[in-house]
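> Protein chains in written order, with the numbering used here: chain A, 132 to 415; chain B, 153 to 278.
Errors might be hidden in some of the hints.
Here are the simulated DSS-like cross-link-like pairs (lysine-lysine), alpha carbons at most 25 Å apart as the crow flies [as the list claims (entries may be wrong)]: (1) B:163 <-> A:380; (2) B:163 <-> A:228; (3) A:134 <-> B:251; (4) A:310 <-> B:220.
Short, incomplete list of chain B residues facing chain A, as computed with Cβ under 7 Å [what the hints assert, rightly or not]: (5) 222; (6) 255; (7) 256; (8) 258; (9) 259; (10) 260; (11) 261; (12) 262; (13) 263; (14) 264; (15) 266; (16) 269.
To give an idea of the interface, some chain A residues facing chain B are shown, with a C-beta separation under 7 Å as derived from the structure [claimed, not checked]: (17) 133; (18) 287; (19) 343; (20) 347; (21) 366; (22) 386; (23) 387; (24) 389; (25) 391; (26) 406; (27) 407.
Calculated directly from the structure, the hints in this document are not laboratory data. Just so it is clear, CB atoms sit at the ideal spot from N, CA and C, and this is done for glycine as well.
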Amino acid sequence: MRKVEVMLPGCESLPDVIQDISPDLDSYYLVKRLPVVELVKEEFVKEILRKGHFTGISVGTRVDNHTVVAVLPSGHLILSVDKDLYQELGLSGKPSKYTGRNATRFVVEIDLFNANHSNGKKQYNRVLWSLKDRLNLTFNFIFSWEPINEEKVNFMQLTRLWDKYVLEDLSIVSHTIQKTQTTVVPKLSHNQSLVSTPGDGQDVSSIYEYIGTISCDANQSFVKSDALVPWAALTVHGFDDSPVSWWRKEHGFHKNGCNLYTILILPDDTYWLYMAIGTDDECP
Amino acid sequence: MEGEFERIVLKSPQYHYMMVQLDLFGAKANFDSDLFKNLIMKALKGLHGDVGGSISVDIIRFEKKSLKSILRVPSIGLVKVWSALTLYSSHNDKPCHFKVSKVSPHLPSLSVNSRDFTSELLLEKV
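Take these sequences, add in the hints, and give me the full structure.
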């Protein structure tokens with residue numbers, strides 16, 4: 132994720148949990164010029180991928196005109212490539228859903244947990260050959276890794292595996308608390324109609340717009356709202372250039388590549404999940 | 153109550169939000185949000201005539217220093233506004249242009265641009 136926002140309307144003093152937030156991001160790293168082949172090697176799959184939640188994405192390349200790669204905790208490596216590169220690559224993939232009849236973009240998905248993805252198997256050798264000997268694709272890659280049940284010692288394994296590459300610690304995440312003076316907060320309750328008559332400021336788009344004005348620090352005078360009722364909103368911003376989004380469905384970038392969600396928690400423990408998707412996205 | 157939920161799909165958003173920046177190529181100008189809106193309306197009228205002029209554009213945020221702004225545009229007029237901004241090239245006989253950095257139907261998504269992430273990390277190009 133790119134950024135997380137927590138919004139607590141009508142809250143005078145912040146709860147301690149938020150105040151001294153120091154998310155455990157010890158395993159949030161950037162590795163420069165990493166060849167993709169490192170991500171498919173059996174040793175990496177066995178030592179790292181299978182032993183925790185590894186999520187990674189290439190940065191600095193764009194999903195609408197470059198090559199983008201992502202690794203999911205489910206053991207899938209997803210490569211989104213243009214036509215020329217796809218033909219050079221020699222791995223089977225599917226045409227992208229968003230390029231029309233004459234596909235100019237292809238998505239290659241490699242299941243790293245598949246039984247055939249191991250030393251000596253044909254499929255494994257083919258992938259290795261494509262990504263190493265045929266095309267040596269390299270990326271700047273960011274990843275987070277949470278080992279299951281095991282201590283951080285495991286990380287040493289990763290540094291040993293990737294000792295040729297520069298690993299940069301990104302755990303210093305900036306964290307700001309912003310107090311917004313606002314006189315009005317929309318009143319929310321779980322039984323209200325979310326698609327009420329437009330313009331009364333109580334339908335779901337207006338509420339989302341309200342959250343947006345706060346997060347963009349915008350002028351709020353045009354938002355219609357009501358009495359003060361406590362609720363909380365948590366917004367998580369993903370990457371616009373990710374090749375996948377909800378439930379491993381393809382994600383693209385056309386007019387925008389929105390990839391975020393908001394969880395709005397109401398006092399009676401019900402919640403709303405607002406998934407904002409972009410122009411090249413399938414309804415989750 | 154477990155597992156009970158209602159799902160709503162909103163397909164045609166009423167508004168789109170645009171993050172734009174006016175570049176005056178170093179020329180000095182004293183803008184406030186009203187003047188900025190006037191400029192946008194001028195651009196709209198210039199390209200699309202009265203039809204363009206009838207689109208209601210709201211300035212929901214304006215930074216005087218950087219001339220960055222977030223506009224709220226009815227989705228139906230988005231293409232007109234976008235094209236008018238793209239083709240607008242001079243202000244008071246001095247060259248200028250609008251940079252559109254992000255467009256989205258979801259306002260919160262404009263608070264961060266993951267495409268700037270690379271410059272934040274000071275990466276060299278691969």
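> Tell me, which hint numbers fail for this structure?
Violated hints (numbers, rising): 18, 26; every other hint is consistent with the structure.
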